[in-house]
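S.K.: Chain by chain, the residues run as shown.
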Amino acid sequence: MAHDVMTRVPAPAPADAGARSPRRRKGGHWTAWAFLAPVVVYLVAFYAYPLYRNLDLSLRHYTVRSFVQGDAPFSGLDNYRTVFADPAFGPALLHTLVFTFVSIAFQFAIGLALAVFFAQNFRLSATLRALFLVPWLLPLIVSASTWTWMLNSDSGIVNAALELIHVDPVNWLTSPDWALTSVIIANIWIGIPFNLVVLYSGLQAIPADVYEAAAIDGATGWQRFWRITFPLLRPVSAITLLLGLVYTLKVFDIIWIMTKGGPADASTTFATWSYRLSFGNLLPEFGPGAAVGNLLILMALFFGLLYIRFQRRQSS
Amino acid sequence: MIKQHAKTALGLFFTAVMLFPVYWMINVSLTKDTDMRADPPHLFPVDGTLEGYRAVIEQQMPYLGTSLIVGLGTVALTLVLSAPAGFACAKLRPKGGGALSFVLLIAQMIPGIIMAMGFYAIYLRMGVLNTVPGLILADSTIAVPFGVLIFTAFMSGIPDELINAALIDGAGRWRTFASVILPMSRNAIVTVSLFAFLWAWSDFVFASTLDGGGDAQPITLGIYQYIGNNNQQWNAIMATAVVASIPATLLLIIAQRYVAAGVTAGAVKD
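Sequence order for the protein chains is G and Y.
Residue 150 in full-length UniProt numbering is what sits at position 150 of the first sequence, and the numbering runs on without skipping anything.
Residue 90 in full-length UniProt numbering is what sits at position 90 of the second sequence, and the numbering runs on without skipping anything.
These are calculated hints, taken from the structure and not from any lab test.
A quick note: this is a predicted structure, and the numbers were derived from the prediction, not measured.
Where a beta carbon is used, it is the ideal one built from N, C-alpha and C, also for glycine.
Not one of these hints is a red herring.
Partner residues aside, some chain Y positions facing chain G, computed with beta carbon under 10 Å: (1) Gln4; (2) Thr8; (3) Leu19; (4) Met36; (5) Val80; (6) Gly96; (7) Phe119; (8) Leu221; (9) Ile227; (10) Ala244.
Make the full structure from the sequences, and use the hints.
M.R.: Structure representation (C-alpha cells):
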C-alpha cells in the first residue's frame with residue numbers, strides 16, 4: 001500500500017481538491033494552519049535563517065574576530081569577485097561538472113540495465129534486488145573509507161587485481177591524474193541502487209500487454225527495449241536523471257573523505273572547495289566559502305526547478 | 001527452466017560484484033595487522049583476528065552511543081513536526097498549502113554543506129556549537145521536508161469519509177488526527193522514522209562542522225578521526241565501519257518494503 005501511494009510523492013497536492021471535503025467548516029482554514037505552524041516556524045528558523053546567514057556571510061568581509069563579534073563590514077560582491085578570479089575556480093567548476101555528469105551517465109546506464117534484467121522475475125530476483133540497496137544505505141563514511149583502502153596504491157585489492165592481468169599499479173588517490181576518476185568510481189557505486197529501484201518501479205508501470213503485442217508481431221528483445229521500454233520509460237528516466245543531477249552536484253562526503261579534494265585540487269568540486277575555504281584551513285575564509293556555496297545552490301536550483309516543472313507536467 | 005537458472009546465476013554474479021566492497025570491508029576488519037600489507041592481499045580471513053573489534057569495543061562505544069541518541073532524537077523531532085503538517089496538507093488543504101509543498105521540495109535540494117555553514121555561524125553566536133541537541137536539530141533538516149511529503153502523500157490516500165465520520169461523531173480535528181489518522185498511518189510513520197534515523201546516523205557534514213570539537217561525537221567522526229590520524233590499523237577502521245553499518249543492514253532486513261517505498265518517493269540522501 002505504501003508503495004502505491006508514494007510513487008508520486010513529489011507532486012504537490014492539487015489546489016482545487018478542496019472540493020473533495022465539502023464538510024469543511026468555517027474556520028477550518030485556521031485549524032489547518034495550526035497544524036502547519038510548527039513546520040512553518042521550523043522552516044523559517046532552521047532553513048530560511050541559516051540560508052540568510054550564509055548569504056550575509058558571502059556579502060561581508062569576515063575575519064575570525066568579526067565572525068564571532070558580528071561587526072564585519074559590508075563588502076558587496078567582493079567575495080564573489082575573489083572567487084571568480086581565484087585560479088582554483090575554473091578547475092573546480094570543471095571537476096564539478098565532470099563528476100556530476102560522468103557519475104550520472106554511468107549510474108543511469110548501469111541502473112537501467114539492471115532494472116531491465118531484474119524485471120524478468122527469475123528465482124531470487126526480489127532478494128537480490130533488495131541486496132543491491134546495501135551500498136545506498138551504508139553511511140557514506142563507511143563506503144568512502146572502504147574504497148580508500150581498496151584503492152590504496154600499495155596494498156589495495158584493486159591494484160592487486162590489475163597486477164593479475166599485468167597492468168601496472170595505479171596511484172588512484174595520490175596521483176592528480178586519477179583522483180577524480182577514483183571518487184567518481186566510488187560515487188557511481190553508491191548511486192546505482194537509487195537508479196535501479198526508481199527505474200525498476202517505472203518498468204513495473206508499463207503494461208504487460210504492450211510486450212505481448214510486440215512479441216506476437218515478432219519483435220526481438222533488442223527491439224522491444226528500444227521501441228517500447230525506452231520510450232515508455234522516458235518520463236521516469238527524466239525524473240531520475242534530474243533528481244540525480246540535483247543530488248550529485250552536492251556530493252561532499254565521499255570526495256572529502258577519500259581525497260580532501262586533492263592532490264593539488266585535482267578532485268576539488270564546488271562542495272569541497274566551499275568546505276575547505278570555511279573549515280579546512282587554519283585561517284577560515286568564511287566570505288568566499290559562503291560565496292562558493294551560494295553558486296552551488298544556484299546550480300542545484302536550476303536542475304531542481306527543471307525537475308519540479310517536469311514532475312508537474314507529468315502529473316497533470 | 002535452464003534459462004531461468006542461468007538468469008539466477010547471472011543475478012548472483014552481479015550481486016556478488018556489487019557487494020564486493022562490503023565483503024572486502026568485512027574481510028579487512030578480520031585481517032591481522034601483519035597480513036594487512038600482504039601481496040597479494042588475502043582474499044579470505046583465514047587465520048584472522050578479532051583485534052579490530054576489540055578496538056571498537058574499547059574505543060568506539062561512546063561514539064556509537066552518541067549516534068544512537070542523535071538518531072532517536074532526530075526521529076522524534078521529525079515525526080512531531082511532519083505528521084501534523086502532512087495531515088494538514090493532505091486533508092485540511094489550507095490556502096497556501098501548495099506553496100508550502102513547493103518550498104519543501106526546494107528545501108530538499110539545498111546542499112547540506114551550505115546549511116552547515118549557516119548553522120555554524122548561528123550556533124557559534126548562540127553557544128550551542130558542539131552540543132548533541134544542536135546536532136539533532138541540524139540533522140532533522142535532512143528529514144523534515146521528506147517527512148512532510150511522505151505523510152502528505154500517504155494521508156491523501158485515507159478516505160475522506162473516515163474523517164467526516166469522526167467529525168460527525170463530535171471529534172475535533174486534533175482528536176481526528178490523533179485517534180483516526182495517526183493509527184492508520186503506520187506505514188508512513190515507519191518509513192519516515194527509518195530514513196530520519198538512517199540519515200542522522202550516517203551524517204558526516206553536520207557532525208564535522210557543528211560537533212567537531214564536542215565531548216560527545218557521533219560514530220561518523222569516530223571513523224573519520226581513525227583515518228585522519230594516519231592510523232594504519234585498518235582492521236580497527238574497517239571493524240568500526242562494519243559496526244556502523246549494522247543499523248542500515250537491520251533496516252534492510254526487517255523493513256525492506258518501507259525502504260523501497262522511500263527510495264521511490266524520490267528520497268535521496270545527501
